[in-house]
Amino acid sequence: GDSVTQMEGPVTLSEEAFLTINCTYTATGYPSLFWYVQYPGEGLQLLLKATKADDKGSNKGFEATYRKETTSFHLEKGSVQVSDSAVYFCALSPLSSGGSNYKLTFGKGTLLTVNP
Amino acid sequence: GAVVSQHPSRVICKSGTSVKIECRSLDFQATTMFWYRQFPKKSLMLMATSNEGSKATYEQGVEKDKFLINHASLTLSTLTVTSAHPEDSSFYICSASPPGLAGVSAQYFGPGTRLTVT
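Taken in order, these protein sequences are the chains called A and B. First residue of the first sequence: -2, per this note's numbering; consecutive thereafter. First residue of the second sequence: 296, per this note's numbering; consecutive thereafter.
Rather than coming from a laboratory, the hints here were simulated on the basis of the structure. Errors might be hidden in some of the hints.
[Said to hold, decoys possible] Pair by pair, the computed Cβ-Cβ distance ranges are:
(1) B:LYS361 x A:PRO7: 31 to 39 Å
(2) B:THR377 x A:GLY38: 23 to 31 Å
(3) B:THR411 x A:THR25: 36 to 44 Å
(4) A:GLU73 x B:SER368: 19 to 27 Å
(5) A:ALA14 x B:GLU358: 40 to 48 Å
For each residue, glycine too, the CB sits at the ideal point set by N, CA and C.
Just chain B, with the same shape it has in the complex:
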């Protein structure tokens, strides 16, 4: 089956630094990838839709300059949390949709990245 990986699985950084999280589709090409954020005991919230070769589409309330998304190839999307603050600490999850498979059921999720900002 389709596999999506994320790296790193856990990261601790100091306040004010930037952190990059990678999302890779290992055995398929993904024209669309999605980034979610999950707070403790709360729902996954869609942050942005990442489209290969074009700008990401951000959800309302998500700061574009804070959460930089780059989808430079059909197998890799990156999320960079810039000038991180403790309130950015969260669990970040990506998902990817293979081209040619329309619909939500075609989304494959990564295992998530736990970010802790000290």
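Chain A with its partners taken away, still in its complex shape:
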């Protein structure tokens, strides 16, 4: 079945440091890939997405590129801020013709803490 593997946390960085959170996946066909973020005390929010190979999703300074050859979707940000402290989830959704295209398979989540 489908699965998502993301790097174990926690990750602790200083403000303005470079961030990479690795994510690899296993899926049949051509899934859509997502990064979700969960700020303390809040629900998950969609951060960015990519729906086909070589697509780059970007939002709020974060980027991730859909790499089919390496089955990866690593999250990067050039300069993190304290306000980026949160839990980040990598996820995939299979493309299918039925109602199951809403299903999300999540990674375990990576806690990021950014210190001033």
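Assemble the complex: chain A is given as a structure, and chain B must be docked to it using the hints.
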């Protein structure tokens, strides 16, 4: 933006009792809601898809009689954990999709409910 709430945020109950968790879409109508379960340091796992006015669709391995789902209106879905046991202790998260917005990116997540069964 679309907001999904859950109630309660935390609940502690005794083994053998039942607990109801509510998921509400506050500013939109949701024909479809989803219930996830998250174990410590593990992924969110989809438990079931809740469809307004019809029976929920459960994922393989999820006990229908154990986790009762009712989606009686376009703004409310409830998850009832019946005859709870300590192994049911977990973090339960719901999400909702507004009608007319197809695709996974239209899911809005609630803040979750921490259930502890003693």
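So, going through the hints one by one against the coordinates:
Between LYS361 of chain B and PRO7 of chain A the beta carbon distance is about 33 Å. The supplied range of 31 to 39 Å therefore holds. Range check, THR377 of chain B to GLY38 of chain A: Cβ separation about 28 Å, and the 23 to 31 Å hint holds. Range check, THR411 of chain B to THR25 of chain A: Cβ separation about 37 Å, and the 36 to 44 Å hint holds. Between GLU73 of chain A and SER368 of chain B, the C-beta spacing of about 42 Å breaks the proposed range 19 to 27 Å.
Checked against the hint of 40 to 48 Å, the pair ALA14 of chain A and GLU358 of chain B passes, with Cβ atoms roughly 45 Å apart.
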